[in-house]
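Given chain D, work out where chain E should sit, using these hints.
Sequences listed follow chains D and E, in order. For what it's worth, my numbering labels the leading residue of the first sequence as -12, then goes sequentially. For what it's worth, my numbering labels the leading residue of the second sequence as 16, then goes sequentially.
Please note that a few of the clues may not be correct.
[Stated by the list, open to error] Restricting the straight-line Cα-Cα distance to at most 16 Å, the calculated cross-link-like pairs of lysine to aspartate or glutamate (EDC-like) are:
1. E/LYS256 <-> D/ASP101
2. E/LYS86 <-> D/ASP472
3. E/LYS338 <-> E/GLU325
4. E/LYS75 <-> D/ASP472
5. E/LYS355 <-> E/ASP182
6. E/LYS226 <-> E/ASP191
7. E/LYS104 <-> D/ASP380
8. E/LYS256 <-> D/ASP289
9. E/LYS306 <-> D/ASP380
Please keep in mind that the hints were generated in silico from the structure rather than gathered at the bench.
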Amino acid sequence: MALPLVFFGLFFAYPVAAITGRGLKTGSGWQFGRIGEVLARPDIADVLWFTTWQALASTALTLLVALPGAYVFARFEFPGKQLLRAVVTVPFVLPTVVVGTAFLALVGRGGLLDELWGVRLDTTVWAILLAHVFFNYAVVVRTVGGLWAQLDPRQEEAARVLGAGRFAAWRRVTLPALGPAVAAAALMVFLFTFSSFGVVQILGGPAYATLEVEVYRQTAQLLDLPTAAVLTLVQFAAVGAILAVHARTVRRRESALRLVDPARTAHRVRGAGQRALLGGVLLTVFLLILLPIGVLVERSFDAAGGYGLDYYRALQDEGAGGGTFLVPPLEAIWNSLEYALAATAIALLIGGLAAAALTRRAGRLVRGFDALLMLPLGVSAVTVGFGFLITLDEPPLDLRTSWILVPLAQALVGVPFVVRTMLPVLRAVDGRLREAAAVLGASPLRAWREVDLPLVRRALLVAAGFAFAVSLGEFGATVFIARPDRPTLPVAVARLLGRAGELNYGQAMALSTILMLVCAVSLLVLDRLRPDRTSGEF
Amino acid sequence: MSTTQKMAGTALAVALAAVGLAACGSDSEEKPGAAGDAPKQKTVTLVTHDSFATSPAVLKAFEKESGYTVKVLKSGDAGAALNQEILTKGSPRGDVFFGVDNTLLSRALDHGIFTPYEAKGLAEVPEQYQLDKAQHRVTPVDSGDICVNYDKKYFADKKLAPPQTLDDLVKPAYKDLLVVENAATSSPGLGFLLATVGKYGDQGWETYWGKLKANGVEVVDGWEQAYNDRFSGSAGGKKAKGDRPLVVSYASSPPVEVLYAQPQPKEAPTGVATGTCFRQTEFAGLLDGAKNEAGGKALLDFLIGKKFQEDMPLTMFVNPVVKGAALPELFTKHGVVVDKPETVPADRIAENREQWVKAWTSLVLK
Chain D
-12 MALPLVFFGL FFAYPVAAIT GRGLKTGSGW QFGRIGEVLA RPDIADVLWF TTWQALASTA
48 LTLLVALPGA YVFARFEFPG KQLLRAVVTV PFVLPTVVVG TAFLALVGRG GLLDELWGVR
108 LDTTVWAILL AHVFFNYAVV VRTVGGLWAQ LDPRQEEAAR VLGAGRFAAW RRVTLPALGP
168 AVAAAALMVF LFTFSSFGVV QILGGPAYAT LEVEVYRQTA QLLDLPTAAV LTLVQFAAVG
228 AILAVHARTV RRRESALRLV DPARTAHRVR GAGQRALLGG VLLTVFLLIL LPIGVLVERS
288 FDAAGGYGLD YYRALQDEGA GGGTFLVPPL EAIWNSLEYA LAATAIALLI GGLAAAALTR
348 RAGRLVRGFD ALLMLPLGVS AVTVGFGFLI TLDEPPLDLR TSWILVPLAQ ALVGVPFVVR
408 TMLPVLRAVD GRLREAAAVL GASPLRAWRE VDLPLVRRAL LVAAGFAFAV SLGEFGATVF
468 IARPDRPTLP VAVARLLGRA GELNYGQAMA LSTILMLVCA VSLLVLDRLR PDRTSGEF
Chain E
16 MSTTQKMAGT ALAVALAAVG LAACGSDSEE KPGAAGDAPK QKTVTLVTHD SFATSPAVLK
76 AFEKESGYTV KVLKSGDAGA ALNQEILTKG SPRGDVFFGV DNTLLSRALD HGIFTPYEAK
136 GLAEVPEQYQ LDKAQHRVTP VDSGDICVNY DKKYFADKKL APPQTLDDLV KPAYKDLLVV
196 ENAATSSPGL GFLLATVGKY GDQGWETYWG KLKANGVEVV DGWEQAYNDR FSGSAGGKKA
256 KGDRPLVVSY ASSPPVEVLY AQPQPKEAPT GVATGTCFRQ TEFAGLLDGA KNEAGGKALL
316 DFLIGKKFQE DMPLTMFVNP VVKGAALPEL FTKHGVVVDK PETVPADRIA ENREQWVKAW
376 TSLVLK
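In isolation and in its complexed conformation, chain D is listed as follows (with noise of 0.2 Å):
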């Protein structure tokens, strides 16, 4: 528990402290009169109503969506499905630039809606909420399916056997136990929701502002720190106020469960009610997940002279974008990879101590930990690179102009999605095994090594992954840091999308589409490490 708490401690709470603290305390003292100044405002309570809405709105929706997609995912056997489970992950690692538009072209204005239906979602709250679903699909299918493919169907058939339905079946057996799952899946999507930022300003327009984006005009735009701050802390007290709602709900429902390894519980689909539910959940991918990405693909090949590979090829031009790279911007690619790979690192070391603290211990202190573990979720980018600026400026810690910072301040981001995928199933593991094991002499490295590992390690992969994806795709903190001689690729295509042209446009497209493809492999090749040979333990 001493690293994550070191770590959280360096590299969250003391820089957002300190940039809270600048605004809120001035030459006589704490200002705290400013915080009902600022909550008495009525666009800030617009604001605030706004997001709160949107985020449970944007949840109840893409739980309604992807839960069906989880079970496909975790219980059927079909072709393409690796390929299909690492495509849906892509979302979370677009620049919203680039999904912001690919949305536009289906439902705005002469979009596919538009022209077929004469339906046009753009600057209304569907857009948002479509889009949102659109990033998050991924955060239920992977964390939700990844413990449902290793529940043990066997107790569900017990207790058809035993008389009950087949719905009666599903929730008084299968439901409690993917409750903490769902919840987790649920709380990740309400916190990303909730901070939403760049969906929320291109699809919504100008009218619609979610607390991220009031904080970072203040912060970013008019260096107002007294208001920011205090919006900080609203978003604090909100986000609090969820975890803590999620933790009482959570903490009775978690038990012990029979794991099995998944491969035992898909099968090939049977019967009617089964192709019509794989058929329903692959049109719902098609239609909310390829369509838009097929949109930016498509952009990419059309080049002047008709469809080719002309923007790629501009791309290993080392004058491409007028200078604004100082090296070709295909580059981009192995800074990215580099980036996250060190990110993912960090985050599985902290996440994963962190985990197997908290399932561990109990006590209000330990869960207080994990609220904190979450918060960054929830909390503006802006405020924590603001926060490393004045925080991390003095020997041995001057990060501020250091590659490292990224990687850090990435795995910030990642480290709640280890906690919370492994959580429910390190907490699932049945304490008899490991005490046996103990009582059979093992030391505790090798009863977790031979007991808890074996069965933590496909969430340990669906954990690297998300840590992975949104590494790969983080903008906010890493704009302010990464140098023009080292892009990454989310921010190598804002600078090309930030110059007229359409050279310019078309490499954008071009580079997003490598990023999408970047994504997509690196997901297909970590799902594969899942070794054969531990099948053979159960």
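Same frame as chain D, but now just chain E:
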């Protein structure tokens, strides 16, 4: 449990060592080779915004002439980059900051982030750009105009003359054609708001925006969306089926559309309404507390030298401020010269910026 702690201990040691090494790594980069034999700092760091660009050859030329290695640190858009400098005042991340414009100049000067230095060659810069002439805390580097751009094809097809002035934009003929950026979050958006303040004054600009709103102006959050998505004349906008033939962008956007097209067209697809422009001037300054002052000064001299000035038009798409700096043909052929841009004095902007933006927000967005 003890294992967990042991593991944590080891991991912590490893992580701290890694962080320590990284810190050392970055330190040794900045320190001169060995103590004593290299008294001169070798690296000079330029902190700037995302839009900074330069040809690699030009930077190399500076490095060869001066003996310094240049490190460029980009840190977000212009507003965010400046605010980070203000927050790190006294302990800056670099030696020179480039990218504060006349709309934000007073904020930078009030916070005292710059050390005065009169750059060599400043005599070649016309006085109209030298907004801090008395103290030389900042050096003007470039200027550019924020103007309404139009889609040539749209107006040719409709046989309609494109608008030329701010007054034109509120005419019924141009109803529902203009897209602008949010003045609260985008610098061209703010520039366009200031153009209307410059033209119609304190009382008049709100009335003007009322008319603009009645004439169907659309507001989006950033330049990328306005230009790449909504504007029908740009390459991105064509693909995204943008349906607004008028957009707030820059006077230099038409040459950019030509430069980054394959093959390059004979004529730019977009034009500039020269009566709608706001002039921006960008400055650079030596940061207070810079570790390498000598290098910073050399870099400032270089920024207003011919080589850098003549490189800017095709990398950052702005105009040089130095007299006699040659403009590339692409610029003179497809760009426009804005004779009478709207201006607002920097101190007036400083005093009223927030209030104007607030009033604009409640008037136009709500």
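Looking back at the hints listed earlier, which ones does the structure fail to meet?
-> Those not satisfied: there are none.
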